[in-house]
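Asker: One line per chain: the protein sequences are S and L, in this order.
Under the working numbering, think of the first position of the first sequence as 1, with each following residue one higher.
Under the working numbering, think of the first position of the second sequence as 219, with each following residue one higher.
No lab work stands behind these hints, which were simulated from the structure alone.
Check the hints yourself; a few may be wrong.
Just a sample of chain L residues kept apart from chain S, beta carbon distances all over 12 angstroms, derived [as the list claims (entries may be wrong)]:
#	residue
1	Ser228
2	Asp297
3	Ala316
4	Thr327
5	Leu338
6	Leu406
The following label-pair restraints were derived from C-beta to C-beta distances [to be verified]:
#	chain 1	residue 1	chain 2	residue 2	range
7	L	Lys281	S	Ser189	42 to 48 angstroms
8	L	Ser336	S	Asp70	34 to 40 angstroms
9	S	Leu157	L	Ala235	48 to 54 angstroms
10	L	Lys281	S	Gly23	58 to 64 angstroms
11	S	Trp12	L	Glu417	33 to 39 angstroms
12	L	Ser336	S	Leu192	31 to 37 angstroms
13	S	Asp70	L	Asp322	32 to 38 angstroms
14	S	Ile4	L	Arg344	44 to 50 angstroms
This structure is a prediction, so every number in the text was calculated from the model and none was measured.
Cβ atoms here follow ideal geometry from the backbone N, Cα and C, with glycine treated the same way.
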Amino acid sequence: MFVIGSIATIIWRDVRQSYASGGTWLPVIFYLSAATLFPFAVGPDRALLLQTGGGILWIAALLATLLPLDRLIQPDLDNGVYDQMIVRGLSDEMIAAARLVSHWLSFGPPLLLAAFLASGLMGLEGAALGTLLASLAIATPALAGLAVMIAALTAGLKGAGALGGLLLVPLAIPLLIFGAGSLSAHGNSALLFLAAISLLLVAITPLAAGAALSANRE
Amino acid sequence: MNQGQSTGSSDRLVAEALSCVRGGRILFRDLTFALEPGQAGLLAGPNGVGKSSLLRLIAGLLKPSTGSCIVPETRALCDDRLALDEHLPLDQALRFWAKLDGSDDADVTAAMARAGLSHLAEVPVRYFSTGQRQRARLARTYLTDARLWLLDEPANGLDTDSVARLGTVLQDHLDNGGIILAASHIPLPIGFDLTLKLEPLEELEACL
Chain S
1 MFVIGSIATI IWRDVRQSYA SGGTWLPVIF YLSAATLFPF AVGPDRALLL
51 QTGGGILWIA ALLATLLPLD RLIQPDLDNG VYDQMIVRGL SDEMIAAARL
101 VSHWLSFGPP LLLAAFLASG LMGLEGAALG TLLASLAIAT PALAGLAVMI
151 AALTAGLKGA GALGGLLLVP LAIPLLIFGA GSLSAHGNSA LLFLAAISLL
201 LVAITPLAAG AALSANRE
Chain L
219 MNQGQSTGSS DRLVAEALSC VRGGRILFRD LTFALEPGQA GLLAGPNGVG
269 KSSLLRLIAG LLKPSTGSCI VPETRALCDD RLALDEHLPL DQALRFWAKL
319 DGSDDADVTA AMARAGLSHL AEVPVRYFST GQRQRARLAR TYLTDARLWL
369 LDEPANGLDT DSVARLGTVL QDHLDNGGII LAASHIPLPI GFDLTLKLEP
419 LEELEACL
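With the sequences and hints as input, model every part of the structure.
Answerer: Structure follows, in structure tokens:
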């Protein structure tokens with residue numbers, strides 16, 4: 001009970017901090033501006049927008065994942081917050097798992113809301129809109145997990161932000177392939193693959209990010 | 219050589235043949251000492267000799283290269299990092315740790331009073347001066363009901379009155395059966411049962 005209560009306390013603190021500092025809305029605004037730029041760039045051709053819009057919204061989601069990287073782990077690491085948690089008997093894996101949940105809570109739902117708004121700009125509606133939202137809902141935990149892992153791995157390094165971007169983009173390719181692929185015909189099997197990849201990334205996040213946090217103390 | 223470990227828990231603090239290697243350099247080796255409930259130990263020695271590493275090692279943040287230590291189950295570490303949310307008022311920032319420690323709001327109020335920070339309860343932590351930050355670190359430590367307090371330069375930046383107040387709180391903790399291990403260059407107004415003098419090791423040896 002001690003551990004569950006502690007993790008809930010930690011998650012609540014992170015989520016509250018993220019929404020209070022406004023950091024949550026940065027990816028959302030970025031996402032919406034990217035979606036707004038696209039019709040300006042390619043022109044208001046409805047057929048073209050319908051065909052490519054889903055893919056564009058997916059790429060924008062990947063890029064939005066990069067924005068909070070430097071604020072996920074580094075500030076608490078520098079401030080000794082994680083050290084204090086370890087001294088209180090929490091493990092690195094529990095800290096990383098709590099960070100994954102808290103980051104998803106402040107990243108996933110706002111991004112889904114933004115995707116809903118942005119899909120209007122692309123003319124997506126009906127089944128296509130439903131599939132896009134479903135694929136993003138399945139993938140955002142994995143994107144949050146990737147962000148936490150990479151933030152933990154690069155914490156303390158110079159130029160961590162740029163390095164994080166380089167690391168995240170290739171790792172996110174499977175998510176992009178099956179996520180954007182779910183918008184085409186045979187979308188259902190792509191969604192299932194997407195869910196499998198997402199589960200895998202979520203499962204390894206506490207272990208990988210926990211190991212990175214632990215290595216950081218040595 | 220055997221990997222060191224810090225296993226087991228008891229009321230006492232027992233360190234046996236502890237060694238610590240950091241960055242390919244041996245900081246200290248074969249350090250053996252014990253502190254009983256109600257006892258205080260002082261770590262002395264020049265900068266860079268491994269005092270902070272020893273405290274982090276006993277706190278469970280570092281693994282000893284060799285040796286082992288038995289520590290009380292609950293520990294509190296007060297080092298040079300604040301670990302409080304800068305944008306929050308002090309009482310709210312402390313309340314986060316109070317929840318993790320199973321303390322309540324009354325404990326937060328008491329800890330702030332003991333650190334002499336009651337009048338700053340509603341001031342965001344980022345406006346604190348050096349000495350006030352140090353007192354906030356101490357308040358975070360007072361919140362815990364941990365038996366073992368590990369204090370790294372607890373009197374840094376404190377004015378004379380605050381050092382005296384720190385002494386009172388430390389003495390209370392000892393009287394309640396607590397254990398204190400402190401590294402400090404500023405004389406602390408409590409009686410130490412043990413002084414560990416760490417000496418710089420001359421030889422440079424490769425990592426094990």
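Asker: Which numbered hints turn out to be false for this structure?
Answerer: 2, 3, 9, 10, 11, 12 and 14
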